[in-house]
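Protein chains: 2
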Amino acid sequence: MSKYKGRTRELLKSISAGVGDKIRVNKGDQTFEGLLMPRTERGVPDHIVLKLDSGYNIGIEVTENTEIEKLKEGKEPELGKKGQEIEPDPEKPDVTIIGTGGTVASRIDYRTGAVHPEFSASEIYSSAPEIAEIANINTITACNVLSENMTPKLWTEIANEVAEELNEGADGVVIAHGTDIMGYTASALSFILKNLTKPVVLVGSQRSSDRPSSDAALNLVGAISAATSDLAEVCVAMHGSIEDEFSLIHRGTKVRKCHTSRRDAFQSINIHPLGRASKSGVEFFQSRKRREEGEVEVEGGFEERVALAKISPNMQSDIIEGMLDKNYRGIVLEGTGLGHVPKSVYSGIENAIEQGIPVAMTSQCIWGRTNMRVYSTGRDLLDIGVFPLEDMLPETAYVKMMWVLDRTQDMEEVKHLMRKNLAGEISPRSEADIFLKPNLPEDKQ
Amino acid sequence: MSKYKGRTRELLKSISAGVGDKIRVNKGDQTFEGLLMPRTERGVPDHIVLKLDSGYNIGIEVTENTEIEKLKEGKEPELGKKGQEIEPDPEKPDVTIIGTGGTVASRIDYRTGAVHPEFSASEIYSSAPEIAEIANINTITACNVLSENMTPKLWTEIANEVAEELNEGADGVVIAHGTDIMGYTASALSFILKNLTKPVVLVGSQRSSDRPSSDAALNLVGAISAATSDLAEVCVAMHGSIEDEFSLIHRGTKVRKCHTSRRDAFQSINIHPLGRASKSGVEFFQSRKRREEGEVEVEGGFEERVALAKISPNMQSDIIEGMLDKNYRGIVLEGTGLGHVPKSVYSGIENAIEQGIPVAMTSQCIWGRTNMRVYSTGRDLLDIGVFPLEDMLPETAYVKMMWVLDRTQDMEEVKHLMRKNLAGEISPRSEADIFLKPNLPEDKQ
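The listed protein sequences correspond, in order, to chains A and B.
Its first residue numbered 1, the first sequence is counted upward by one per residue in full-length UniProt numbering.
Its first residue numbered 1, the second sequence is counted upward by one per residue in full-length UniProt numbering.
The following block holds chain A by itself, in its conformation from the complex (with noise of 0.2 Å):
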């Protein structure tokens, strides 16, 4: 019955269910169908836990009026018990699964590894079965912090251990992150990891795994499929929909939360997704880097002295000082429009220049290019040595700058090395269609 206790435990009982039979469940208006889960550790008391066909796992809470019944017999996945050696099968690629700070699987948790900081293959078969018809999964684990406590020297640590499985023969990598500062790791690890010949995959959760429904192994294996696939490259596999068909790969550098809770918050910006996964495989949008033969070489090492200021408007220079004051060595700004700052913040970027800092313009508008030739004031900007970064995400540039400036320091290698397209940050051109829908109300649509 494993681990359901009390009114559910005796309700499941009276059935005589076990984890793996289909069973449905009735509660008033609402029918649920799907596999009878185990208990998830942490869960709140008297739910079920159901698989959907979808491979969603929802927890449905019982009740007074909550009726159940087996539709059938099923059994208890083989692979489920904890600390079991599994065969791996030579007909199935090798995919490593590398726990960052979250459990997983069952758990890939949202944001903690504090309560379960150990993981096995086992555990993660067992909450999302669907995993083990497509890879034989090896787990280890690099670090152990939440995703916003992650650092420079952890993504150095992080693309050691993906490069030495990948060398070792595993055919793709998975990570499980924190969603929080996921696009940052995601575009930390697209510039350290050089002639990178196989998948690397970042996942995680939205829904913290204490409650019955997650997103976690349906999220698990869209980015199994996708360390599978013949990508070469550093990306994260999300959610696509709120309707559970299928995750969506996004390119490392191109990709960031948008939402605070939903579970298609990832989204692509400036390019279209590179593809979309799902149990039964992988389609791809976009052209990207394939899989090829050859050892994956690790660049790691940031300058940490970087900084992100976002502009608004009445800015003041003494805001960009205090920057220098504290000795930062690089700064990139999230601009307004095409590229524009007020006129009140020119003297603290002219310092900043004159000190040897790089600044560097994005834009807070996101979508779209920074343009500084347009206007009078954008090439007043570019006059005192500012340098736009085309459609590079803010996130990316200051990921991209911590990482430039501990190869060079020289002005002029630095502006060459941030405006040149490293890993996918750049687009050549920007795609007129590539914008968000307004979101009218359904009926007006």
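By construction, these hints were calculated from the structure, which means they are not laboratory data.
Note that beta-carbon positions come from the ideal geometry of N, C-alpha and C, so glycine has one too.
Any given hint might turn out to be false.
[Claimed, not checked] Here are the simulated DSSO-like cross-link-like pairs (lysine-lysine), alpha carbons at most 27 Å apart as the crow flies:
| no. | chain 1 | residue 1 | chain 2 | residue 2 |
| --- | --- | --- | --- | --- |
| 1 | B | K343 | A | K326 |
| 2 | A | K444 | B | K289 |
| 3 | A | K444 | B | K444 |
| 4 | B | K153 | B | K326 |
| 5 | B | K326 | A | K343 |
[As the list claims (entries may be wrong)] Beyond 12 Å from chain B on every Cβ pair, some chain A residues (computed):
| no. | residue |
| --- | --- |
| 6 | G169 |
| 7 | K194 |
| 8 | P394 |
| 9 | R407 |
[As the list claims (entries may be wrong)] Derived coverage of chain A by chain B (criterion: at least 3 residues anywhere in the stretch with Cβ under 8 Å from a Cβ of chain B; other residues may be distant):
| no. | region |
| --- | --- |
| 10 | 146 to 158 |
| 11 | 177 to 186 |
| 12 | 253 to 267 |
| 13 | 303 to 313 |
| 14 | 341 to 354 |
Given chain A's structure and the hints, the job is docking chain B onto it.
Relative to the frame of chain A, chain B by itself:
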């Protein structure tokens, strides 16, 4: 022939076409039909400017293979003579257009007022004759600055002009504003203008007016429509799609410029747009404050020492310390996810709060809502004294904190006012369907 020169003038002369005539222009595979408009003053040479049925003015380059044909005799709009006094029509509502640094209409200039700081109602009618059918137009200039150089002092001055116009009988006000920081100004006016009983509509142009193709006229028509509607809020009315069908009306505190260059750059975040407007009128989707009787009041004044700090991984406390060193009096954080920051920023935040500086939390996701009770680190920040701002946009929070700190410095009172919905900046609950849709390639949707 209204300023047409050279080859274009000859071509138009050959078919005796004058301004107001309906003509067809053939250029290889492409055909355009519309009313011949006067050449824009700073227009590129050898272009014909046509007003399409959609209301959008386009410029068509005249080359050797350009053929034109007169479809229907028209007449030059009577209202189009510069400097001519126009008799108000007592049947029509009165709308005042307030200039802030761009010329309006033939060019609601994107951001510069340098070339044409003056504008007259007749000039406006001449490039958008449709608006004469909607309202009697009066024009005044409140200030003359580039959009990004807008200041809190100017916000109060603009509000004073708005109140004066409305209290003296205007049925609505349209404010022509550069697009870069239009959202910030719309927020500011939303807080300053108290007991607003009529519509206040910000409008601009995403296309520089010195190009023959400009969205200025079409946007202005939508704005005038909105300004004669029964709305009694500050709003932004801008292109709703690239198809030129209508403008969307966005609540002033919930709107953001989301693209550097597209005409439909402005989007409502976390709520549906209030409605849509075209020359045929306004359709509302949302509950809203309605037009009523009563004097509009101005409650201006801003504490200018407020900083907006975007959180990034590896951000250090010294960024916040720098703000304290420079005597900032309030800080708005753009946190990650539900409202988090790295541990390395905690001490800076603690110092700020110990010094009596309010620190508020928004999310860089933009969509969704802060929730600092889900994870222990969010709760830690709450314990330190950071207060979350629900689904408020970071830009709106920045403006609001400036306004609130000018009213009170009492920390509890500041928190209370910041977390209270004053002008639609906080939605009581988040609608699950309000989010962008993934930009899949057209054949994959």
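To see whether the hints hold, each was checked on the structure:
1. K343/B <-> K326/A: The given pair, whose Cα atoms are some 19 Å apart, holds under the 27 Å limit.
2. K444/A <-> K289/B: 21 Å, holds
3. K444/A <-> K444/B: 23 Å, holds
4. K153/B <-> K326/B: 21 Å, holds
5. K326/B <-> K343/A: Cα-Cα ~19 Å, so holds.
6. G169: 31 Å, holds
7. K194: Check passes; 22 Å lies beyond 12 Å.
8. P394: 8 Å, violated
9. R407: 18 Å, holds
10. 146 to 158: holds (count 7)
11. 177 to 186: holds (count 5)
12. 253 to 267: That given contact holds, which follows from 9 residues of the region 253 to 267 of chain A lying within Cβ reach (below 8 Å) of chain B.
13. 303 to 313: holds (count 8)
14. 341 to 354: Since three or more residues must qualify, the claim that chain B covers the region 341 to 354 of chain A holds, with 4 doing so at under 8 Å.
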